[in-house]
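Using the sequences plus the hints, can you model the full thing?
What follows is the residue order along each chain.
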Amino acid sequence: MKYTQWIIFGLVIGAIWTLGFLFETNLNPYVVRVIVNCGIAMILAMSLNLVNGCAGQFSLGHAGFMGVGAYLSAAITTLLPVAFPQLSFLREPLGIGIAVVVGGFGAGIAGYLVGLPSLRLRGDYLAIVTLGFGEIIRIIFLNVDAVGGPRGLPGIPRESTFFWVYFWAFVTFLFLYRLMKSTYGRAILSIRENEIAAESMGIKVSHYKVVAFVISSFFAGIAGALFAHYQGFIDPATFNFNRSVDVVIMVVLGGMGSLSGALIGGIIVSLLPELLRMILFTMGGLPDTYRMVIFPLILIVLMLVRPVGLLGHKEIWDFFPSFKKKKGVKAHG
Amino acid sequence: MILSVKNLSVNYGAIRAISNISLEVNSGETVALIGANGAGKTTILRTISGLLRGTAGEIHFDGMDISQMKPHKIVSAGLSHVPERRGIFANLTVLENLQMGGFTQKLNATDFDEVYSIFPRLLERRKQLAGTLSGGEQQMLAISRALLSRPKLMLLDEPSLGLAPQINKSIFDTIQKINKKGTTVLLVEQNAFAALKISHRAYVLETGNIVLTDKSEALLKNESVKKAYLG
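Sequence order for the protein chains is A and B.
Be aware that the first sequence starts at 17, since it is given in the working numbering, and climbs by one per residue.
Be aware that the second sequence starts at 811, since it is given in the working numbering, and climbs by one per residue.
All clues given are correct.
Here are the simulated distance ranges between beta carbons:
#1 A:F336 - B:S944: 27 to 35 Å
#2 A:V50 - B:A824: 54 to 62 Å
#3 B:Q938 - A:L129: 37 to 45 Å
#4 A:S198 - B:S944: 29 to 37 Å
#5 B:I825 - A:I156: 37 to 45 Å
#6 A:I156 - B:T865: 39 to 47 Å
#7 A:V317 - B:L1040: 52 to 60 Å
#8 B:S944 - A:Y200: 29 to 37 Å
Incomplete in silico selection of chain B near chain A, CB under 7 Å:
#9 H882
#10 P893
#11 N901
These are calculated hints, taken from the structure and not from any lab test.
Beta carbons: idealized from backbone N, C-alpha and C, even for Gly.
Written as structure tokens, this is what we have:
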């Protein structure tokens, strides 16, 4: 990165820190919780977008990888210090930062193991296999007593704050944005466009599919680890099929293959039910459960009106050409 | 000899698509492979470029045995394949499509200029999404993209498919031009007449077997070929 880019990076981090400070001191805890969950949803949506949107491989097991990150990091910060008292530094903020990254790498490895055999499949078959793997991961947690089995894992240090969630959301965004601008990103896109042509252009199709899957799982693991250290408690049911579907909805809603679309999808899917809760509350009378009827209806209408998702393949900045630098496209690379 | 295929057989499951065919392409030639629907023309091309695996036989390209090589290695070795129905990346821009062609190479501006000089239309439209091009332009894009991997041998699968006769003519003229510039071409075509006109030699394929091979000029005059393919 260039000098100016580092300054911008620092400014954004500073802005996130300031916002976090302002929110946590001024807003009520419920609102802060909604905003933080929204950040986690954004990381999940952006990471799944790489596989479902950019590479065109339909995965339905994202919650499983989120679960791997959550359980691995929680085990490091919660169980290890109990077993080995000399490792108690793992409960400190620095130790937790390390645990989050380790959770991400663990999920990445899980993604590699799942992706290697299953990415030979396409379309519906891949969706079913990834769904199956997601459930297998969840059922493993359900049956391993060391991490609490069905009782869940309580007592996780609650150290992931607004700052850390949005810091990681920013890192995810930056990483995926740069990735999709690179030759690597173009190779991933070309697989979605036409696998045979991509292969005859000299692209190792299976290699790039697995790479996309591993990167996606890594960030899902990060999101899971942040989630675990925000909630302070995780159980296998948190990472069930419904959560995978939630993430798919975010990606489809925002527009498959659009990074900013995934951000918007993440915001809508995590904020809309809460907004509906508020609206129903102020209207009085109507019970809270109605929001889960209205929410899908809104989604159905949206898909009828705009089946490509809110942004389609485009990015939000493509809609405002005046903001773009007027460089003009060169005639070659 | 740049490409030699010896006793190649290809199966789809239990069904034999290609049985025991041999063909050769010499450096600098344009060789056509003609035949009716389902004769196995596309299967042969796909097997040569590594997208399919043969069940028996040898494929030698530029002195190497490529019959067990992965497709991306074959492309790096200098063999590029323009797939049937063009296979462009519809949601990428024309420029991005061209850049994908040079995926295995380090490209510089002159490579692009060379392609633009053959197809000036692509320079005009480089910022457009490739899916918005006309059929003929898409075919030009597919050929240019293959050229950018600097092939020694280019495999062309049905370049005339679904194009107007007027555009066909210019596509075939261009293929001839590319060949004259030094790229060897193996062309698969249903449009036998056009293919024989621009090629040096040709193989006639019928249900997985090569039934005839000769100089293209001679085949144009051959009675049975005239009857079966030229009408």
